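Number of protein chains: 2
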Amino acid sequence: MKKLINDPADVVVDALRGFEAAHSDRVRVDLDLKTIYRKDAPKKGKVALISGGGSGHEPMHGGFVGPGMLDAACCGEVFTSPVPDQMMAATTAVDGGAGVLHIVKNYTGDVMNFEMAAEMAEADSGIRVASIVTDDDVAVQDSLYTAGRRGVGVTVLLEKIAGAAAEEGRDLDAVLEVAKKVNGNGRSMGMALTSCTVPAAGEPTFELGEDEMEVGIGIHGEPGREKRPLASAREIAEQLLDPILKDHDFKGAPAIVMMNGMGGTPLLELYLMYGEVAKILEAQGVAIARNLVGNYITSLEMAGCSVTLLRADDELVSLWDAPVNTPGLRWGC
Amino acid sequence: MKKLINDPADVVVDALRGFEAAHSDRVRVDLDLKTIYRKDAPKKGKVALISGGGSGHEPMHGGFVGPGMLDAACCGEVFTSPVPDQMMAATTAVDGGAGVLHIVKNYTGDVMNFEMAAEMAEADSGIRVASIVTDDDVAVQDSLYTAGRRGVGVTVLLEKIAGAAAEEGRDLDAVLEVAKKVNGNGRSMGMALTSCTVPAAGEPTFELGEDEMEVGIGIHGEPGREKRPLASAREIAEQLLDPILKDHDFKGAPAIVMMNGMGGTPLLELYLMYGEVAKILEAQGVAIARNLVGNYITSLEMAGCSVTLLRADDELVSLWDAPVNTPGLRWGC
Chain A
1 MKKLINDPAD VVVDALRGFE AAHSDRVRVD LDLKTIYRKD APKKGKVALI SGGGSGHEPM
61 HGGFVGPGML DAACCGEVFT SPVPDQMMAA TTAVDGGAGV LHIVKNYTGD VMNFEMAAEM
121 AEADSGIRVA SIVTDDDVAV QDSLYTAGRR GVGVTVLLEK IAGAAAEEGR DLDAVLEVAK
181 KVNGNGRSMG MALTSCTVPA AGEPTFELGE DEMEVGIGIH GEPGREKRPL ASAREIAEQL
241 LDPILKDHDF KGAPAIVMMN GMGGTPLLEL YLMYGEVAKI LEAQGVAIAR NLVGNYITSL
301 EMAGCSVTLL RADDELVSLW DAPVNTPGLR WGC
Chain B
1 MKKLINDPAD VVVDALRGFE AAHSDRVRVD LDLKTIYRKD APKKGKVALI SGGGSGHEPM
61 HGGFVGPGML DAACCGEVFT SPVPDQMMAA TTAVDGGAGV LHIVKNYTGD VMNFEMAAEM
121 AEADSGIRVA SIVTDDDVAV QDSLYTAGRR GVGVTVLLEK IAGAAAEEGR DLDAVLEVAK
181 KVNGNGRSMG MALTSCTVPA AGEPTFELGE DEMEVGIGIH GEPGREKRPL ASAREIAEQL
241 LDPILKDHDF KGAPAIVMMN GMGGTPLLEL YLMYGEVAKI LEAQGVAIAR NLVGNYITSL
301 EMAGCSVTLL RADDELVSLW DAPVNTPGLR WGC
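Protein chains in written order, with the UniProt record's numbering: chain A, 1 to 333; chain B, 1 to 333.
Check before you lean on any hint, since a few could be wrong.
You can't tell identical chains apart in this list, so a pair holds if it fits in one copy or across any two.
Claimed, not checked - Straight-line Cα separation of at most 25 angstroms, DSS-like style, residue types lysine-lysine; simulated pairs:
hint : residue 1 : residue 2
1    : Lys-39    : Lys-246
2    : Lys-246   : Lys-180
3    : Lys-279   : Lys-2
4    : Lys-44    : Lys-2
Note that these hints are calculated values from the structure, not bench results.
These figures come from a predicted structure and were not determined experimentally.
Chain A with its partners taken away, still in its complex shape:
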């Protein structure tokens, strides 16, 4: 295992210490609770947004804490859900009186633990909590860690767009409504060229031959649709977009497209893949209004990529364009 770490048991807290040192202008970090807070939280009268999940997907979620996006992110161990105490403490800390939205990727542990935290926060402190569970991965119906579809790339877009809705003063019901619209109109599919190694495990999560790729991979290296022979970027773009375009209608509306790297993929290849994706979408009559190309929801050092499409409208594009000031996404500030 070749990693820039100290003791594998301390990876998350060591990384959080570095994150705090780098971004103390915008965030504060509770190292005991492994939770990252927007520095000026709670914001009185603003709906607060919390997300969280296993570590190893950076910049998601901690990198999206800041004005225009999240108020807090709860970090679990690598690829392991945070515990309800974290989400409950964060919910209490960031509530500004307007309620809290939990943004949860559809993985069984995350869903269960966020639910418990929401119940505890409502019972103990009377805080109103709404939840959105993202489930945009068209690859598989059920999987190793999930009942139903997995929540992946759309989570990034949702945190941006719902964050903007909260920032402009919408109430909890309205922010939840926007979040549902994003999740309902977003679809993703990913693939891997290589596995990744969880520090505590010390061995690659799965095996792939020299001429193989895994299509439909989850963000923890859990199996996808199937192993297939390595293909060209053009063919891979087709294999990712086909199931997305069959699952939802993206024509006749502005699309927000994310070409996401899994952590170990050079930007050169992500741009190349984006070019292939843009070509296919143009031929299919899908108009790209906005795009992101880079590493946004990753799986440690896995090589590979995922595509997320969001069928947007003027409202969602306008919320997308609103100012955001986080370590991972920043514009207008």
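Chain A is already provided as a structure; the job is to place chain B on it using the hints.
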């Protein structure tokens, strides 16, 4: 070789096509000349900045084209200098009457080709060209592709700071002076956990054992100081900072610090490394004023990192903070 590409011979132009599709709001791309232009170039009366070099280091340089940074970036094949015709055409295209600064990393091919382009542009079009050659890598004096020190991470900081100086209307001499100040006060050192594979070669550039790392690596996988046993993040941070701090005095001034990933390193590890670097610098009495953590000057999918320190002052910090709107660095816009 596992890569998201089509024909290895087309990697650069395919990636540029995707880059253009992603960022056509800010840049235009001449695919024949493999050159990326700021969309609104030439800017009348503004000193223009051009950089360039081999591809495979993204986001550098193309990702730094835009308001507040570069006016053009000339892209060579992977790890291969662009040719003089590219830099000459770019120089002519972006000159707004105030002259052009060439920002060149100290690699023999780059230096030679930029020099020829500068001479041609001056002789043919009477454009005034100044050049800054970066040479911040403390690892080795001469190397496989360089006489003198190699130009690495400081190039990113210099493009930002000199870009801001040009944007605020300074003349060519003044912009060159700022560039010299940055290069003279910047030092870098890098290391690799793994090699990378140039698409056209199809094989890893070098070999590293399972328990080895290469300290003092260049950005093309050219040898560094030595192969050493794999060490902890804490020890690696010391091994990178020691030669930097011995080479230049960073005390008593605000420092701008970049913790850069080589392309295949997860952000989790870069933050962890930044935490170690910040701890050492604090103990050494170096005050970090600004920082960057992420992939900025990469070597394809190489795993590893580099640290760049810039001894700054109020002027450089203020230019650093000025608005920038490029695909790779963006704030204040």
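- Message: Let me make sure I understand: some of the numbered hints might not hold for this structure. Which ones are they, in numerical order?
- Response: 1 and 4
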